[in-house]
Each structure stands twice: as structure tokens, then as C-alpha cells.
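Trainee: Turn these sequences into a full structure, and let the hints guide you.
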Amino acid sequence: MNPAPNLFLVGPMGAGKTTVGRQIAELFRMPFFDLDHEIEAHTGAAVSLIFELEGETGFRCREAAMLAELTARRGVVLATGGGAVLGADNRRFLHERGFVIWLDATVDAQLARLERDRQRPLLRAPDRRVRLEQLAAERNPIYAEIADLRVASTGVGNSTHAAHDLLDLLEARWRRGNTDVAA
1 MNPAPNLFLV GPMGAGKTTV GRQIAELFRM PFFDLDHEIE AHTGAAVSLI FELEGETGFR
61 CREAAMLAEL TARRGVVLAT GGGAVLGADN RRFLHERGFV IWLDATVDAQ LARLERDRQR
121 PLLRAPDRRV RLEQLAAERN PIYAEIADLR VASTGVGNST HAAHDLLDLL EARWRRGNTD
181 VAA
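Mapping the sequence shown onto UniProt numbering, position 103 (from 1) lands on 103, and the numbers just tick up by one.
There is no bait here: all hints are sound.
Quick list of simulated restraints, FRET-style, between CB atoms:
| no. | residue 1 | residue 2 | range |
| --- | --- | --- | --- |
| 1 | Pro31 | Arg131 | 30 to 36 Å |
| 2 | Leu167 | Ala112 | 23 to 29 Å |
| 3 | Asp127 | Arg150 | 24 to 30 Å |
None of these hints come from the bench; they were simulated from the model.
Note that the Cβ used here is the ideal one computed from N, Cα and C, for glycine as well.
Mentor: Structural data, given as C-alpha cells:
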């Protein structure tokens, strides 16, 4: 969508959505939100605990409600969780309410970045590589469907450099829409 008041980052876990999103928000002087952090702040519970108590279905319901609220704002940068694109309404909100950036990461890059991460419920699998490959097969076509811009996020390097590269791409491809309503 162009012009668009918001920037939404989608992609797999470990792609750098939160890290790059924060820096993009700072560079554009826009408020930043991380969907999972907002769910945790709203519920008072960690995502892993919500998964444990309510299962993935319960978490996805909470995620959809928070995504609807955050995408209704104007002039924000939002980093979504990897599975936020699974719901049809979520995809519609992302597509209609902002410019969608797909930070695409290879499974190898994800494994390197998430090597020490033990908090993500969907990574609790006997073989992390197989699990990430399954998620990619399911979700990559969805990311491709809704993305206005696809950016490779394969290195384990400097996120500031990645944010500046993305900034250059956005300056060429994104026109900020009306942001009259405060975030």
C-alpha cells in the first residue's frame, strides 16, 4: 500500500523485526511497537505462559485483538510476531493500514540468531531446523502475498547497517500517508 501512514514488519522469528523496527522508527521519528511485547504488557503474562495456559489458539486470539488495535493507529512502526500473518483479518489490517516490509531470513540465519533462545514456544521442538523449515513452508507464501517490500535479513551482523539499508529502500519506495491521528 502506498501511500501509507504506518510501517509494519513481518517475517519469521529471528529475522530482526524488533531490532530493525526500533531503529527505523527512530530514523523516521515514529513511535515503535512490538506486537508480542504489547500483548505481554496488556496481559501481564509472557507469551510463553500464554501458550502454556491457553495454547496457540488462545494466543492467536489475543494477538489478533492487539494487532487490530495497533494497526488502527497512524504514524507507527510495528514489528509483528512471525505468525501474526496467519489470520485473514490480520493480513487485511496489515495490508490496508500500512506499508508491509517482509524481513526474510534463511533458516541458517534464524538458527544462528536463535541459538540461545529458549523462550519461543514454537521453537520447543526436537529438531529446530525441521521446525523452522516447516514454519517457512507455511508462512513464506503468506509473507510474499502481503509484502510491499521484501528485504533479505540473512547476516548476523550489524542491525544499524541493516536499518540504514532499509531506510534507503523505504525512501525510494514508501510515501508516508496522512498521519493526522496521533498514536
